[in-house]
Amino acid sequence: MLTKIYDWVDERLDITPLWRDIADHEVPEHVNPAHHFSAFVYCFGGLTFFITVIQILSGMFLTMYYVPDIKNAWESVYYLQNEVAFGQIVRGMHHWGASLVIVMMFLHTLRVFFQGAYKKPRELNWIVGVLIFFIMLALGLTGYLLPWDMKALFATKVTLTIVDSVPLIGPAMKTLIAGDATIVGAQTLTRFFAIHVFFLPAALFALLAAHFLMIRKQGISGPL
Amino acid sequence: MHRGKGMKFVGDSRIPATGRKPNIPKDYSEYPGKTEAFWPNFLLKEWMVGAVFLVGYLCLTVAHPSPLERIADPTDTAYIPLPDWYFLFLYQLLKYTYASGPYNIIGALVIPGLAFGALLLAPFIDRGPERRPAKRPFAVGFMLLALSGIVYLTWQSAAHHDWEASKKQGAIIEGAEFDKESEGYQLLDANGCISCHGAELTGGAAAPSLVDTGLTPEEIANIAVKGRGGMPAGMFKGSDEELEKLAEFVSSLTAK
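For the protein sequence lines, the chains are A and B, in the order given.
Under the working numbering, the first residue of the first sequence is numbered 1145, with each subsequent residue one higher.
Under the working numbering, the first residue of the second sequence is numbered 4, with each subsequent residue one higher.
Calculated from the structure, these hints are not laboratory results.
The reader is advised that the hints may include incorrect statements.
Calculated cross-link-like contacts (lysine-lysine; reagent style PhoX-like; alpha-carbon spacing at most 25 Å) [stated by the list, open to error]: (1) B/183 / B/98; (2) B/48 / A/1301; (3) B/138 / A/1264; (4) A/1301 / B/229; (5) A/1215 / B/240; (6) B/183 / A/1215; (7) B/248 / A/1215; (8) A/1263 / B/171; (9) A/1361 / B/48; (10) B/171 / A/1301; (11) B/170 / B/183; (12) A/1361 / B/37.
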């Protein structure tokens, strides 16, 4: 049945090459842990992507309950955490995933660095990878404020003070992020929410697409 | 032109496939070593690794529920903030003499800027053809230096943080429902109790919460007169009858 539907669509749209381009490639021996156990270091990139997917999915479910508003944000998180069925699991996955993704990405970066895999012709992919790293850190920073509890508010105040201390553009940047020159409040929360949920993920998807296109085009770096 | 499964398109303007790589994978025999097809063989193994990882991840989630402190209170200026653990090293850096105060710009911008800038531009700084770590001592040396710096700063930050106080200052305090017009509350107000224990009686920086004390009226009356810990004796100045009412009221306060 499924094959018939696939064939029907494929006959009209010729979709086979689209996914075959992605699916058909050989995995070399030196990156395959089945042959050399030490090749597990090549898993970190894939695991980073795996957790990223979990972050996206759990984040989508969190927004079903979360309210980006100073009166209700904390209440909605408290409700999600204590009243909603599996709410604690979904929030827990998003919370721990945020840390795990940093760990995995850090290990992936170290693997690429120590193997010198960023060298010609892979310079561009390294740069895109470091940009993804920055985006992830920014996601962690903006997500930290959203529960609107004590540590969220005061850590964000520290961050904004640091941004403010940048010469020349600091105060303008702070106003852009916080929504006000002095107040850290309702406007800040909605801005951080928008940045965390729309702006940064959009940038992340674009960079991830570039990252994967390049690795597919150039292949994985050879053995040392 | 014949493409796809042979459907003919009217005015077919698609780019012909000639010159492109064929979409059919090469025979395994054309590759040296033990290569494996990504789809579906290797992907299945990756999926199994992912499943094992997911189980561990879920165990972590169940064993350690994600923390939630009490609702943000901008008026609590005594709160000592702490960023998420992966920013601790940057936060710690700002505590050193030559990276804070008048030198804030060094700690906040110059050092992190140089480090992350070098990371971003690594391929253009380390330009040699050598890939083995032993053959590029400077790149590897600087990375190890940065790594030990990050580990040291994170450790310093964590070691000098008062985790007990941190846990206490953020704990969710259960408030009690009571009538502010009641005689007991009026007595608390009249004797200045709420200046330290708070108008909601949930405590503050100077005094503990009066909710869910688990004490008997006699014990509370005793504390009100003789004091305890940081509370001096003789705070209560009313009659014995009032003391009894106040003690009964405080003893009856339970979280909603």
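So, going through the hints one by one against the coordinates:
no. : hint           : result
1   : B/183 / B/98   : violated, 45 Å
2   : B/48 / A/1301  : violated, 45 Å
3   : B/138 / A/1264 : holds, 16 Å
4   : A/1301 / B/229 : violated, 41 Å
5   : A/1215 / B/240 : violated, 39 Å
6   : B/183 / A/1215 : holds, 24 Å
7   : B/248 / A/1215 : violated, 36 Å
8   : A/1263 / B/171 : violated, 50 Å
9   : A/1361 / B/48  : holds, 23 Å
10  : B/171 / A/1301 : holds, 20 Å
11  : B/170 / B/183  : violated, 30 Å
12  : A/1361 / B/37  : holds, 21 Å
In this structure, the hints that do not hold are numbers 1, 2, 4, 5, 7, 8, 11, in rising order.
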